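Undergrad: In case you want the letters, here they are:
2 protein chains.
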Amino acid sequence: MRNDNNKNIPYKIYLEEHEMPKQWYNMRADMKNKPAPLLNPGTLKPMTAEELEGVFCKELVAQELDDTTAYFDIPQEIQEYYKTVRPSPLVRAYHLEKALGTPAKIYYKFEGNNTSGSHKLNSAIAQAYYAKKQGLKGVTTETGAGQWGTALSMACAYFGLDCKVYMVKVSYEQKPFRREVMRTYGADVTPSPSDTTEVGRKILKEFPETTGSLGCAISEAVEAAVTREGYRYVLGSVLAQVLLHQSVIGLETKTALDKYGIKPDVIIGCAGGGSNLGGLIAPFMGEKLRGEADYKFIAVEPASCPSLTRGKYVYDFCDTGKVCPMAKMYTLGSGFIPAPNHAGGLRYHGMSSVLSQLYDDGLMEARSAEQTAVFKAAEQFARIEGILPAPESSHAIKVAMDEALKCKETGEEKTILFGLTGTGYFDLVAYERFNNGQMSDYIPNDEDLKKGFDGIPQFPGNEIK
Amino acid sequence: MRNDNNKNIPYKIYLEEHEMPKQWYNMRADMKNKPAPLLNPGTLKPMTAEELEGVFCKELVAQELDDTTAYFDIPQEIQEYYKTVRPSPLVRAYHLEKALGTPAKIYYKFEGNNTSGSHKLNSAIAQAYYAKKQGLKGVTTETGAGQWGTALSMACAYFGLDCKVYMVKVSYEQKPFRREVMRTYGADVTPSPSDTTEVGRKILKEFPETTGSLGCAISEAVEAAVTREGYRYVLGSVLAQVLLHQSVIGLETKTALDKYGIKPDVIIGCAGGGSNLGGLIAPFMGEKLRGEADYKFIAVEPASCPSLTRGKYVYDFCDTGKVCPMAKMYTLGSGFIPAPNHAGGLRYHGMSSVLSQLYDDGLMEARSAEQTAVFKAAEQFARIEGILPAPESSHAIKVAMDEALKCKETGEEKTILFGLTGTGYFDLVAYERFNNGQMSDYIPNDEDLKKGFDGIPQFPGNEIK
Numbered sequence: 001m002r003n004d005n006n007k008n009i010p011y012k013i014y015l016e017e018h019e020m021p022k023q024w025y026n027m028r029a030d031m032k033n034k035p036a037p038l039l040n041p042g043t044l045k046p047m048t049a050e051e052l053e054g055v056f057c058k059e060l061v062a063q064e065l066d067d068t069t070a071y072f073d074i075p076q077e078i079q080e081y082y083k084t085v086r087p088s089p090l091v092r093a094y095h096l097e098k099a100l101g102t103p104a105k106i107y108y109k110f111e112g113n114n115t116s117g118s119h120k121l122n123s124a125i126a127q128a129y130y131a132k133k134q135g136l137k138g139v140t141t142e143t144g145a146g147q148w149g150t151a152l153s154m155a156c157a158y159f160g161l162d163c164k165v166y167m168v169k170v171s172y173e174q175k176p177f178r179r180e181v182m183r184t185y186g187a188d189v190t191p192s193p194s195d196t197t198e199v200g201r202k203i204l205k206e207f208p209e210t211t212g213s214l215g216c217a218i219s220e221a222v223e224a225a226v227t228r229e230g231y232r233y234v235l236g237s238v239l240a241q242v243l244l245h246q247s248v249i250g251l252e253t254k255t256a257l258d259k260y261g262i263k264p265d266v267i268i269g270c271a272g273g274g275s276n277l278g279g280l281i282a283p284f285m286g287e288k289l290r291g292e293a294d295y296k297f298i299a300v301e302p303a304s305c306p307s308l309t310r311g312k313y314v315y316d317f318c319d320t321g322k323v324c325p326m327a328k329m330y331t332l333g334s335g336f337i338p339a340p341n342h343a344g345g346l347r348y349h350g351m352s353s354v355l356s357q358l359y360d361d362g363l364m365e366a367r368s369a370e371q372t373a374v375f376k377a378a379e380q381f382a383r384i385e386g387i388l389p390a391p392e393s394s395h396a397i398k399v400a401m402d403e404a405l406k407c408k409e410t411g412e413e414k415t416i417l418f419g420l421t422g423t424g425y426f427d428l429v430a431y432e433r434f435n436n437g438q439m440s441d442y443i444p445n446d447e448d449l450k451k452g453f454d455g456i457p458q459f460p461g462n463e464i465k
Numbered sequence: 466m467r468n469d470n471n472k473n474i475p476y477k478i479y480l481e482e483h484e485m486p487k488q489w490y491n492m493r494a495d496m497k498n499k500p501a502p503l504l505n506p507g508t509l510k511p512m513t514a515e516e517l518e519g520v521f522c523k524e525l526v527a528q529e530l531d532d533t534t535a536y537f538d539i540p541q542e543i544q545e546y547y548k549t550v551r552p553s554p555l556v557r558a559y560h561l562e563k564a565l566g567t568p569a570k571i572y573y574k575f576e577g578n579n580t581s582g583s584h585k586l587n588s589a590i591a592q593a594y595y596a597k598k599q600g601l602k603g604v605t606t607e608t609g610a611g612q613w614g615t616a617l618s619m620a621c622a623y624f625g626l627d628c629k630v631y632m633v634k635v636s637y638e639q640k641p642f643r644r645e646v647m648r649t650y651g652a653d654v655t656p657s658p659s660d661t662t663e664v665g666r667k668i669l670k671e672f673p674e675t676t677g678s679l680g681c682a683i684s685e686a687v688e689a690a691v692t693r694e695g696y697r698y699v700l701g702s703v704l705a706q707v708l709l710h711q712s713v714i715g716l717e718t719k720t721a722l723d724k725y726g727i728k729p730d731v732i733i734g735c736a737g738g739g740s741n742l743g744g745l746i747a748p749f750m751g752e753k754l755r756g757e758a759d760y761k762f763i764a765v766e767p768a769s770c771p772s773l774t775r776g777k778y779v780y781d782f783c784d785t786g787k788v789c790p791m792a793k794m795y796t797l798g799s800g801f802i803p804a805p806n807h808a809g810g811l812r813y814h815g816m817s818s819v820l821s822q823l824y825d826d827g828l829m830e831a832r833s834a835e836q837t838a839v840f841k842a843a844e845q846f847a848r849i850e851g852i853l854p855a856p857e858s859s860h861a862i863k864v865a866m867d868e869a870l871k872c873k874e875t876g877e878e879k880t881i882l883f884g885l886t887g888t889g890y891f892d893l894v895a896y897e898r899f900n901n902g903q904m905s906d907y908i909p910n911d912e913d914l915k916k917g918f919d920g921i922p923q924f925p926g927n928e929i930k
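Line by line, the protein sequences are chains A and B. Following the working numbering, the numbering of the first sequence begins with 1 at its first residue and continues without gaps. Following the working numbering, the numbering of the second sequence begins with 466 at its first residue and continues without gaps.
Just so you know, the hints here were simulated from the structure itself, not pulled from any lab data. Any given hint could be a false lead.
[As the list claims (entries may be wrong)] Below, a list of computed lysine-lysine pairs in the PhoX-like style, where the Cα atoms sit at most 20 Å apart:
hint: 1; chain 1: B; residue 1: Lys640; chain 2: A; residue 2: Lys175
hint: 2; chain 1: A; residue 1: Lys12; chain 2: B; residue 2: Lys487
hint: 3; chain 1: A; residue 1: Lys22; chain 2: B; residue 2: Lys477
hint: 4; chain 1: A; residue 1: Lys83; chain 2: B; residue 2: Lys477
hint: 5; chain 1: A; residue 1: Lys83; chain 2: B; residue 2: Lys487
hint: 6; chain 1: B; residue 1: Lys597; chain 2: B; residue 2: Lys523
hint: 7; chain 1: A; residue 1: Lys175; chain 2: A; residue 2: Lys312
hint: 8; chain 1: A; residue 1: Lys376; chain 2: A; residue 2: Lys406
hint: 9; chain 1: A; residue 1: Lys263; chain 2: A; residue 2: Lys288
hint: 10; chain 1: A; residue 1: Lys465; chain 2: A; residue 2: Lys450
hint: 11; chain 1: A; residue 1: Lys98; chain 2: A; residue 2: Lys406
hint: 12; chain 1: A; residue 1: Lys12; chain 2: B; residue 2: Lys477
hint: 13; chain 1: B; residue 1: Lys597; chain 2: A; residue 2: Lys98
hint: 14; chain 1: B; residue 1: Lys548; chain 2: A; residue 2: Lys98
hint: 15; chain 1: B; residue 1: Lys499; chain 2: B; residue 2: Lys510
hint: 16; chain 1: A; residue 1: Lys132; chain 2: B; residue 2: Lys563
hint: 17; chain 1: A; residue 1: Lys12; chain 2: B; residue 2: Lys548
[Unchecked claim] One side of the interface only, derived from the structure: several residues of chain B facing chain A at Cβ under 10 Å:
hint: 18; residue: Tyr559
hint: 19; residue: His560
hint: 20; residue: Gly577
hint: 21; residue: Tyr623
hint: 22; residue: Gly851
All figures in this text were calculated on a predicted structure; none of them were measured in a lab. Glycine included, each C-beta is placed from N, C-alpha and C at the ideal position.
Given the sequences, and given the hints that come with them, work out the whole structure.
TA: This is the structure we're talking about:
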């Protein structure tokens with residue numbers, strides 16, 4: 001509303017190399033209410049750097065624990081890699097505006113133009129760099145459908161690091177394409193549960209027919225890291241360090257908008273663990289936290305996995321295997337499992353501690369969307385704007401379109417910015433279901449939601465009602 | 466060699482919108498020896514506009530037959546669409562140069578950053594535009610693995626045209642992903658042979674177990690166009706009109722290079738039907754034809770489908786179904802079928818008449834590459850430069866790397882430019898075979914090559930020996 005009315009805004013704004021961010025921004029530095037610290041589930045005391053360094057890379061632990069430093073220099077080597085996959089385009093959705101007949105101006109930051117197909121690479125390359133710098137031989141991780149595993153494989157190939165990926169068995173077998181991308185980049189991909197770890201062997205003995213779960217894959221990946229000389233475990237979302245690296249998305253976006261004197265009114269992102277949303281909003285939220293500007297932020301999550309809109313703000317495990325530290329976050333309980341018909345991603349039970357605190361402080365809104373409506377928005381967007389979006393990203397598209405249609409009613413010329421985190425090229429099984437009219441919605445009832453909290457430790461100040 | 470030595474060349478050069486081409490360039494206008502005209506196989510006389518307009522869109526026929534006009538204005542509507550998927554980046558392969566230890570400077574024009582995953586969209590959008598302008602209801606086409614069909618579906622969705630795609634049955638069933646992309650864009654995808662056409666029913670009756678072929682799908686698509694009111698048939702490669710539209714690739718590349726004062730010594734492209742190569746080299750070849758500059762051009766084709774390096778320069782059918790006009794081209798014979806183990810694309814039996822004439826006149830070189838070497842180059846490129854390339858594009862990568870390694874031996878600081886036509890995200894079955902060490906090479910012997918010419922009409926001046 002405040003801007004760009006008659007300027008000649010191109011369809012796509014690409015920054016010049018010299019305009020690309022040289023520092024990441026840490027929102028926590030400007031937060032009055034800091035996110036609660038990670039807890040050691042045994043002692044219920046905050047995790048120390050020393051405890052964390054047994055599992056995670058040293059410099060990443062330092063980033064994780066630092067809630068006062070606002071800016072971190074992006075190492076030169078990471079900047080060089082960013083130049084091969086970034087800047088990502090900031091797109092003015094002229095065609096979509098016209099199709100909707102809205103006076104709103106719609107922009108999206110598109111992170112899908114790289115082989116990982118998403119924003120995940122922004123943090124993968126950073127984590128691989130710090131692992132290499134520490135002199136490690138390799139890293140381990142888990143992956144479901146393979147988006148994060150692909151990004152990490154690419155990053156490890158670049159730095160010459162060994163990469164061990166535990167991939168949920170059902171995905172390993174039924175979704176072989178991302179598996180083969182990882183293998184092409186040299187990663188060692190093991191279907192989980194496997195007989196390569198103690199926890200895997202135990203699960204296989206107990207449930208020989210299991211098709212695996214993300215929780216189990218995490219447990220195997222952590223064991224593989226801590227029992228091997230020169231290995232550490234890395235994680236693609238949720239952690240504060242990941243949001244820090246992902247701030248490159250928002251910083252680029254803000255530089256591009258500032259060049260044209262544009263200020264968004266509404267900023268929308270999909271939210272699973274929160275890495276994309278946290279990265280996109282970072283510099284804008286910084287202004288809001290410092291009282292320099294105001295923006296409306298909307299997190300969009302699936303109605304079938306509604307951690308912000310229907311979860312509890314308590315300490316919970318980050319993984320269903322309960323091997324990781326506990327984090328205070330909006331959560332559905334680490335025992336929560338989305339309905340089997342859920343095809344839209346964003347199936348993590350919790351939400352980044354940083355975003356959870358911002359939401360709890362009323363600095364951010366949240367909405368949930370049902371998956372058939374999300375895929376309908378995705379299809380419409382694809383036909384109009386050309387890009388076949390990831391189901392995850394399409395949650396943001398859906399709400400951006402809703403907001404734009406509201407403007408059509410009210411006549412408001414709002415400027416709407418949303419994050420288009422990735423492409424749907426490896427999600428065609430879900431699209432096929434949608435194309436065949438076989439997609440359905442599922443909204444868990446309150447009873448379903450209670451089950452996720454079974455077995456979560458309760459302690460003073462963390463009563464789960 | 467002649468340039469860019471100490472300038473600060475970014476990793477990626479993106480043109481500004483106002484620098485994007487406003488005209489396509491028609492190489493034929495500057496050719497002394499014009500490509501031979503299309504022949505009517507019945508009369509053996511050049512096809513007239515009237516004859517062609519029964520099958521193809523009127524304005525596209527005009528472009529096809531015009532070998533004297535050098536520049537064609539790109540209609541404003543197509544320019545607007547190009548702005549959503551173009552400019553494509555011209556990338557300086559710093560990482561690859563370093564990994565190879567070569568003094569050569571390597572650039573590639575990357576056409577894969579759109580949902581069709583390749584350069585095909587450049588012509589699809591033009592063809593859909595002219596169909597819409599003519600007031601047609603829709604277009605028909607055939608597709609094998611689905612690259613061209615995807616591009617056309619996207620273009621038709623944008624212009625609100627009906628799109629009927631005949632997809633080779635074995636691909637329709639075994640490669641459902643591109644099929645679902647097409648359906649998401651609203652295309653009607655029919656496995657071929659089908660009972661929706663006379664030719665399809667005839668083939669099904671004769672060979673009920675057939676899994677289809679491109680030749681059969683072409684025949685069905687042509688029949689579907691000519692028997693329906695308001696439909697025309699469109700084709701994604703080989704034709705002169707397609708090379709004209711694809712010149713946008715070379716024109717953008719040249720503008721980007723000129724901005725930095727860079728002149729390539731060697732220009733390399735993969736060649737199937739020739740649309741990508743013809744587009745990439747267009748403005749450079751123009752300079753060569755007009756005697757303004759010299760460049761070395763290299764077409765790279767699969768050793769298992771070697772139309773330029775081992776084919777004959779004769780009149781042949783463009784399709785195995787023999788329903789299209791005859792073209793004079795380097796061909797393996799329209800009865801040629803690549804070996805079943807061939808996984809690298811570029812399986813067309815002939816080569817664009819324009820490129821065939823340029824090659825015959827010694828203005829362009831050609832090389833063939835074996836597929837295991839091509840996939841090895843692809844894997845190396847992916848790990849170093851980050852992009853998982855299409856097998857087709859990897860033919861150009863292979864020869865670009867060969868040329869760069871030659872420079873390492875000789876110390877020459879050549880500037881090498883190649884076309885990276887697309888991504889390999891829908892080719893993971895082939896990559897899986899490579900990753901598992903199951904890929905093999907096949908070079909047809911002279912006896913194999915003779916078979917492709919069975920049944921091709923011979924006439925004075927077109928003796929096939």
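Undergrad: Against this structure, judge whether each hint is valid.
TA: Cross-check of the supplied hints:
Distance hint between Lys640 of chain B and Lys175 of chain A is fulfilled; the C-alpha atoms sit about 13 Å from each other, no more than 20 Å. Between Lys12 of chain A and Lys487 of chain B, the direct Cα distance comes to roughly 18 Å. Compliance with the 20 Å bound is thereby established for this hinted pair. Among the hinted pairs, Lys22 of chain A with Lys477 of chain B is consistent with the structure: their alpha-carbon atoms are about 18 Å apart, no more than 20 Å. Taking the CA atoms of Lys83 of chain A and Lys477 of chain B, the gap is about 8 Å. The hint holds against a cut of 20 Å.
The suggested pairing of Lys83 of chain A with Lys487 of chain B is violated, with an alpha-carbon distance near 29 Å, which exceeds 20 Å. With a CA separation close to 11 Å, the supplied pair Lys597 of chain B and Lys523 of chain B stays within the 20 Å bound. For the suggested pair Lys175 of chain A and Lys312 of chain A, the alpha carbons sit about 33 Å apart, so the restraint of at most 20 Å is broken. Straight-line distance between C-alpha atoms of Lys376 of chain A and Lys406 of chain A comes to about 18 Å, which keeps the hinted pair within the 20 Å bound.
Among the hinted pairs, Lys263 of chain A with Lys288 of chain A is consistent with the structure: their alpha-carbon atoms are about 13 Å apart, no more than 20 Å. Between Lys465 of chain A and Lys450 of chain A, the direct Cα distance comes to roughly 9 Å. Compliance with the 20 Å bound is thereby established for this hinted pair. For the suggested pair Lys98 of chain A and Lys406 of chain A, the alpha carbons sit about 15 Å apart, so the restraint of at most 20 Å is met. Annotation: proposed proximity of Lys12 of chain A to Lys477 of chain B holds, straight-line Cα distance about 15 Å (limit 20 Å).
For the suggested pair Lys597 of chain B and Lys98 of chain A, the alpha carbons sit about 19 Å apart, so the restraint of at most 20 Å is met. This hinted pair checks out: Lys548 of chain B and Lys98 of chain A have alpha carbons roughly 15 Å apart, not beyond 20 Å. Restraint check for Lys499 of chain B and Lys510 of chain B: satisfied, since their Cα atoms lie roughly 17 Å apart, inside the 20 Å limit. Simply put, Lys132 of chain A and Lys563 of chain B have alpha-carbon atoms about 19 Å apart, close enough for the 20 Å limit, and the pair holds.
A hinted pair counts as satisfied when its Cα atoms are at most 20 Å apart, and Lys12 of chain A with Lys548 of chain B qualifies at roughly 8 Å. Hint status for Tyr559 of chain B: holds, given a least beta-carbon distance of 8 Å to chain A, under 10 Å. Hint on His560 of chain B holds. Least Cβ distance to chain A is approximately 7 Å, under the 10 Å limit. Of the supplied interface hints, the one on Gly577 of chain B holds, with its beta-carbon coming within about 9 Å of a beta-carbon of chain A, less than 10 Å.
Checking Tyr623 of chain B against chain A: minimum C-beta separation of about 7 Å stays under 10 Å; hint holds. Checking Gly851 of chain B against chain A: minimum C-beta separation of about 5 Å stays under 10 Å; hint holds.
In terms of the numbered hints stated before, the structure departs from hints 5 and 7, listed from lowest to highest.
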